[in-house]
Amino acid sequence: TTDQAYYVLLDQVKEDSSRLEDKEYLDHINEEVSRKSTYIIVRKGDKLYYAGNEEAAQQIFEKLPAYGDENLSDDSGYFYNELEKYVKQIDFTFRDGTPGSVFIVTKVNSLISRHLLIDMFRGYHSDPDLHQPDADPVDPQGRI
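Residue numbers for the sequence shown follow the numbering used here, so the first one is 123 and each next one is one higher.
Since the hints were made in silico from the structure, they are not lab data.
Here a beta-carbon is modelled for each residue, glycine too, at the ideal position from N, C-alpha and C.
A couple of the hints might just be wrong.
Heads up, simulated DSS-like pairs for lysine-lysine below, C-alpha to C-alpha not over 30 angstroms straight-line [to be verified]:
no. : residue 1 : residue 2
1   : Lys-185   : Lys-229
2   : Lys-158   : Lys-145
3   : Lys-169   : Lys-158
4   : Lys-158   : Lys-229
5   : Lys-158   : Lys-136
6   : Lys-169   : Lys-185
7   : Lys-136   : Lys-169
8   : Lys-229   : Lys-145
9   : Lys-185   : Lys-166
10  : Lys-158   : Lys-185
11  : Lys-229   : Lys-136
12  : Lys-136   : Lys-166
13  : Lys-229   : Lys-166
FRET-style restraints, in silico, Cβ to Cβ [unchecked claim]:
no. : residue 1 : residue 2 : range
14  : Gln-126   : Phe-201   : 14 to 20 angstroms
15  : Asn-231   : Glu-137   : 31 to 37 angstroms
16  : Asp-144   : Glu-204   : 28 to 34 angstroms
17  : Gln-126   : Ala-178   : 18 to 24 angstroms
18  : Asp-125   : Glu-153   : 14 to 20 angstroms
19  : Phe-201   : Glu-146   : 27 to 33 angstroms
Model the full structure from these sequences, guided by the hints.
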């Protein structure tokens, strides 16, 4: 998932951020996340350094948040409604001192369809009260 990729990359930044300059390593990470409609982008300065999905990266690259964005935290990300993308950002510094950011980009309808719809389906079919069309929404038993 997006969060798993985020924490793998965050740990890598803390351990040895220069690994994010290795395009073979980035290919490996991208291959792992691409099965989940996710890809990674690495920005060096203001230039595209690596894109796990070149075509999709071109659509979102100019909209990505700046290095050092103060809204960053482990449990937050950015949602791009018009592109249906959810993005998490990790900032780091390249060996030559250039600021860099790695972005984990996930297609939102993939996130929603796999998790939300399955949970909704399970909840609907496991709760007999949801099948009573005349039930009061406040009291699913239909009592007053």
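Measure nothing beyond the straight line between the CA atoms of Lys-185 and Lys-229; if it is 30 angstroms or shorter, mark the hint as holding. holds (15 angstroms)
Check the hint pairing Lys-158 with Lys-229 against an upper bound of 30 angstroms on the C-alpha distance. holds (9 angstroms)
Please verify whether Lys-229 and Lys-166 have alpha carbons no more than 30 angstroms apart. Measuring from Cα to Cα gives roughly 23 angstroms; hence the hint holds.
Can you let me know if the beta-carbon spacing of Phe-201 and Glu-146 is within 27 to 33 angstroms? holds (31 angstroms)
Sort out whether Lys-169 lies within 30 angstroms of Lys-136, counting only the CA atoms. holds (23 angstroms)
Does the Cβ-Cβ separation between Gln-126 and Ala-178 fall within 18 to 24 angstroms? Given range 18 to 24 angstroms: holds, Cβ gap about 20 angstroms.
Does the alpha-carbon distance linking Lys-229 and Lys-136 stay inside the 30 angstroms limit? The given pair, whose Cα atoms are some 27 angstroms apart, holds under the 30 angstroms limit.
With 28 to 34 angstroms as the target window, see if Asp-144 and Glu-204 comply at their CB atoms. Cβ of Asp-144 to Cβ of Glu-204: about 33 angstroms, so the range 28 to 34 angstroms holds.
Evaluate the given range 14 to 20 angstroms for the C-beta pair formed by Asp-125 and Glu-153. Cβ of Asp-125 to Cβ of Glu-153: about 18 angstroms, so the range 14 to 20 angstroms holds.
Regarding the pair Lys-229 and Lys-145, is the alpha-carbon distance no greater than 30 angstroms? holds (23 angstroms)
Could you grab the alpha-carbon distance between Lys-185 and Lys-166 and see if it respects the 30 angstroms cut-off? Answer holds: Lys-185 to Lys-166 is near 15 angstroms, not above 30 angstroms.
Against the range 31 to 37 angstroms, how does the distance between the Cβ atoms of Asn-231 and Glu-137 compare: consistent or not? holds (33 angstroms)
Violated hints for the displayed structure: none, as all numbered hints are satisfied.
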